[in-house]
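Letter by letter, the chains look like this.
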Amino acid sequence: MSFLTRRGWISAVVMALLAVLPPVFFLTGNAFYLDLATRLSILAIAAVSLNLILGYGGLVSFGHAAFVGLGAYAVGIPAHHWLYGGLDFLATTSGFVQVPLAVAVTALFALITGAVCLRTKGVYFIMITMAFAQMIYYLIVSIEEYGGDDGLVIDTRSELPLIDLDNPLQLFGLAYVSLLVAMLLVRMITRSRFGMVLQGAKGNEERMVTLGFNIYAYRLTAYVISGAMCGYAGALLGNFTTFISPEMMDWSRSGELMFMVILGGAATTLGPVLGAIAFIVVEEILSSFTIYWHLPFGLMLMGVVLFARGGLMGLLRGRREDGE
Amino acid sequence: MNAVLDISGLNKSFGGIKATDDLNLSVRAGELHAVIGPNGAGKTTLISQLTGMQKPDSGRIRFKGRDITAMAPYSRAHLGIARSFQITSLILEMSVLDNIALALQAREGHSFRFIRPAHALTRLRAEALALLDRVGLADKADQPTVALSHGEHRHMEIAIALASKAELMLLDEPMAGLGIEESAQMVELLRGIKGRHTILLIEHDMDAVFALADRISVLVYGHIIATGSPDEIRGNEAVQHAYLGEE
Ligand SMILES: Nc1ncnc2c1ncn2[C@@H]1O[C@H](COP(=O)(O)OP(=O)(O)OP(=O)(O)O)[C@@H](O)[C@H]1O
Ligand SMILES: [Mg+2]
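From first to last, the protein sequence lines stand for chains P and Y. The first sequence: position 178 = 178 (the working numbering), numbered continuously. The second sequence: position 30 = 30 (the working numbering), numbered continuously.
Keep in mind the hints are simulated off the structure, nothing from the lab. Any given hint could turn out to be false.
What the hints assert, rightly or not - Partial selection, computed: residues in chain P whose CB lies under 7 angstroms from chain Y: (1) Thr-120; (2) Phe-194; (3) Val-197; (4) Gly-203.
Unchecked claim - Each computed DSSO-like pair below joins lysine-lysine, with the alpha-carbon atoms no more than 30 angstroms apart: (5) Y:Lys-55 x P:Lys-121; (6) Y:Lys-165 x Y:Lys-194; (7) Y:Lys-194 x P:Lys-121; (8) Y:Lys-18 x Y:Lys-55; (9) Y:Lys-64 x Y:Lys-165; (10) Y:Lys-64 x Y:Lys-18.
To be verified - Label-pair restraints from in silico Cβ distances: (11) Y:Ile-115 x P:Val-20: 49 to 57 angstroms; (12) P:Lys-121 x Y:Phe-14: 14 to 22 angstroms; (13) Y:Gly-177 x P:Phe-307: 43 to 51 angstroms; (14) Y:Ser-75 x P:Gly-58: 22 to 30 angstroms; (15) P:Val-116 x Y:Asp-139: 26 to 34 angstroms; (16) P:Lys-121 x Y:Ile-115: 24 to 32 angstroms; (17) P:Met-300 x Y:Arg-62: 54 to 62 angstroms; (18) P:Leu-185 x Y:Gly-177: 41 to 49 angstroms; (19) Y:Ala-29 x P:Val-116: 51 to 59 angstroms; (20) Y:Ser-149 x P:Ser-287: 45 to 53 angstroms; (21) Y:Asp-139 x P:Val-281: 44 to 52 angstroms.
Note that CB positions come from ideal geometry on N, CA and C, so glycine has one too.
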């Protein structure tokens with residue numbers, strides 16, 4: 001314990017590079033790479049959140065993009081009313097209102113939908129989480145005031161003291177620090193007694209119930225935490241893109257988050273971040289050649305699942321530690 | 001007579017099969033009560049109804065005078081009912097120690113505790129190690145459960161049941177699949193537990209049953225056809241006809 005494990009070293013190096021390289025690119029005139037890293041960090045927060053449920057909880061949620069989208073609209077809708085009037089109680093550009101709103105709305109949505117979804121198992125759980133996400137998708141599409149499926153432009157980014165989100169470096173800084181906090185938070189939760197119950201229920205439901213754990217309540221709690229963290233990521237994403245649309249909540253977006261978690265290495269601290277990096281890199285390289293870039297990504301995922309159990313993290317940390 | 005467990009008129013069918021048929025059984029405080037019966041007699045189904053994993057079609061289950069027939073499975077554990085499984089049911093991807101520690105954790109009220117690492121709780125670890133020591137697995141504590149042998153898994157099942165400090169332990173064929181030597185170890189282990197907990201023991205191994213049981217009930221086609229001391233059961237004609245005689 002006196003020194004970092006191999007796993008710890010890999011995490012430290014990857015996270016240090018992610019902190020240093022993008023600003024260096026920016027300051028040497030390659031602003032594009034900073035933007036890429038900001039988007040990467042935000043998506044990684046969503047993937048880290050999903051990992052709590054999917055990796056540690058063993059619950060395949062296929063609707064997590066809905067939380068990201070709702071979080072983004074919790075920034076966009078108040079900003080929209082601030083500019084165009086209406087719904088005065090909601091109209092604001094203050095980040096101190098928008099971000100807590102994003103977290104609260106997604107936590108509530110997770111509580112309500114989770115309460116239903118977690119009554120089901122396996123394939124049914126996958127289907128119903130996806131169904132709830134599509135429901136929100138169509139709800140937003142149907143609201144013309146917020147642009148329907150044309151989407152909504154966020155004219156003014158969230159206003160916060162000390163941090164100016166219009167400054168790309170500062171926005172990246174916020175996203176990066178948020179990612180670090182999210183990783184540490186999930187790590188702390190999964191190592192706690194709560195986390196042991198969550199992982200125990202993934203391993204053997206009947207045993208956990210027989211021991212006296214109300215696994216439904218534990219899973220629902222994890223689902224709410226995961227949803228709220230994704231909502232926070234959504235609030236950042238809205239501020240980053242300044243354009244939001246229901247497309248953010250499409251099931252394929254949920255699928256991408258799942259890809260990141262599984263590809264990178266489910267139930268590991270760094271895995272979802274590696275998955276997000278792989279996703280962004282592949283997307284950037286391949287989408288310039290073909291619009292069917294999802295196909296190679298899918299093949300890559302299959303390769304990792306078939307030949308490298310434990311995802312990219314499993315590959316990196318080597319075979320010997322596999323039992324860990 | 002103070003019955004810890006009192007089952008009356010219990011019925012359970014799977015389609016056309018009557019797995020539990022008007023079953024009446026009373027288990028006294030502190031006794032080791034064995035239930036024997038041929039394959040498919042409904043022994044495991046009985047246990048599953050006691051822990052709540054299966055719902056009876058009709059009948060009553062009382063634990064310490066309280067009707068628990070419709071109680072949620074996880075709540076029954078808190079009242080003091082523990083179970084070991086005929087088909088080993090462990091969390092294979094966790095370490096041996098963590099499996100036991102979770103059982104200890106379950107006893108301590110809710111686990112909505114998010115901050116301190118579970119592994120830092122030295123009290124839980126020490127108690128789990130002591131239990132592993134009792135079943136002879138202390139040196140395997142940090143191994144992944146999946147790496148242990150079948151016999152070791154059977155011992156883990158007992159350690160988990162012990163960890164719960166349950167008043168009533170429901171043990172479903174703890175010797176299932178064990179060799180002669182391992183079975184003998186298990187008998188010794190159960191002998192050590194006997195008297196400290198009320199035990200409902202399901203077992204095919206007749207030597208073990210007659211060596212350990214205070215009372216024996218015989219289950220045939222979901223119905224208890226006789227209950228009595230080991231001697232009474234040995235001498236019971238109906239039992240010999242239905243069950244023992246066939247051996
Ligand atoms: N979930 C189920 N669905 C359908 N039938 C079942 C189910 N569980 C048990 N049965 C049937 O109920 C009967 C009793 O099964 P049970 O497992 O309780 O027997 P058992 O006495 O434990 O047998 P064994 O000695 O082989 O463990 C059997 O005929 C079995 O096939
Ligand atoms: Mg059985």
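Do the hints match the structure? See the list:
1. Contact between Thr-120 of chain P and chain Y, as hinted, is not supported at the beta carbon level, the nearest pair being about 18 angstroms apart and thus beyond 7 angstroms.
2. For the restraint placing Phe-194 of chain P at the interface with chain Y, the shortest Cβ-Cβ distance is roughly 5 angstroms, inside the 7 angstroms limit, so the hint holds.
3. Among the interface hints, the one on Val-197 of chain P holds; its C-beta lies about 5 angstroms from the nearest C-beta in chain Y, closer than the 7 angstroms criterion.
4. Checking Gly-203 of chain P against chain Y: minimum C-beta separation of about 4 angstroms stays under 7 angstroms; hint holds.
5. Pair hint Lys-55 of chain Y plus Lys-121 of chain P holds up; C-alpha atoms about 19 angstroms apart against a cutoff of 30 angstroms.
6. Between Lys-165 of chain Y and Lys-194 of chain Y, the direct Cα distance comes to roughly 13 angstroms. Compliance with the 30 angstroms bound is thereby established for this hinted pair.
7. A distance of roughly 39 angstroms separates the Cα atoms of Lys-194 of chain Y and Lys-121 of chain P; the hinted pair therefore is violated under the 30 angstroms criterion.
8. Taken as a hint, the Lys-18 of chain Y and Lys-55 of chain Y pair is honoured in the structure, with Cα atoms around 14 angstroms apart against an allowance of 30 angstroms.
9. Our distance criterion of 30 angstroms between C-alpha atoms is met by Lys-64 of chain Y and Lys-165 of chain Y, whose separation comes to about 16 angstroms.
10. As the CA atoms of Lys-64 of chain Y and Lys-18 of chain Y are separated by approximately 27 angstroms, the hinted pair is consistent with the 30 angstroms bound.
11. At roughly 31 angstroms, the beta-carbon separation of Ile-115 of chain Y and Val-20 of chain P lies outside the given 49 to 57 angstroms, and the hint is violated.
12. Between Lys-121 of chain P and Phe-14 of chain Y the beta carbons are some 20 angstroms apart, a value that agrees with the proposed interval 14 to 22 angstroms.
13. Against the hinted window of 43 to 51 angstroms, the Cβ-Cβ separation of Gly-177 of chain Y and Phe-307 of chain P comes to about 34 angstroms, which falls outside the hint.
14. Between Ser-75 of chain Y and Gly-58 of chain P the beta carbon distance is about 24 angstroms. The supplied range of 22 to 30 angstroms therefore holds.
15. For Val-116 of chain P and Asp-139 of chain Y, the hinted distance range of 26 to 34 angstroms is not satisfied, since their beta carbons lie about 46 angstroms from each other.
16. Roughly 30 angstroms separates the CB atoms of Lys-121 of chain P and Ile-115 of chain Y, a value that falls within the hinted 24 to 32 angstroms.
17. Distance hint check for Met-300 of chain P and Arg-62 of chain Y: the Cβ-Cβ separation is about 58 angstroms, which falls inside the suggested range of 54 to 62 angstroms.
18. Between Leu-185 of chain P and Gly-177 of chain Y the beta carbons are some 43 angstroms apart, a value that agrees with the proposed interval 41 to 49 angstroms.
19. Here the CB-CB span from Ala-29 of chain Y to Val-116 of chain P is close to 43 angstroms, at odds with the stated 51 to 59 angstroms.
20. For the pair Ser-149 of chain Y and Ser-287 of chain P, the beta carbons lie near 52 angstroms from each other, so the given range of 45 to 53 angstroms is met.
21. A beta carbon spacing of about 46 angstroms between Asp-139 of chain Y and Val-281 of chain P agrees with the range 44 to 52 angstroms that was offered as a hint.
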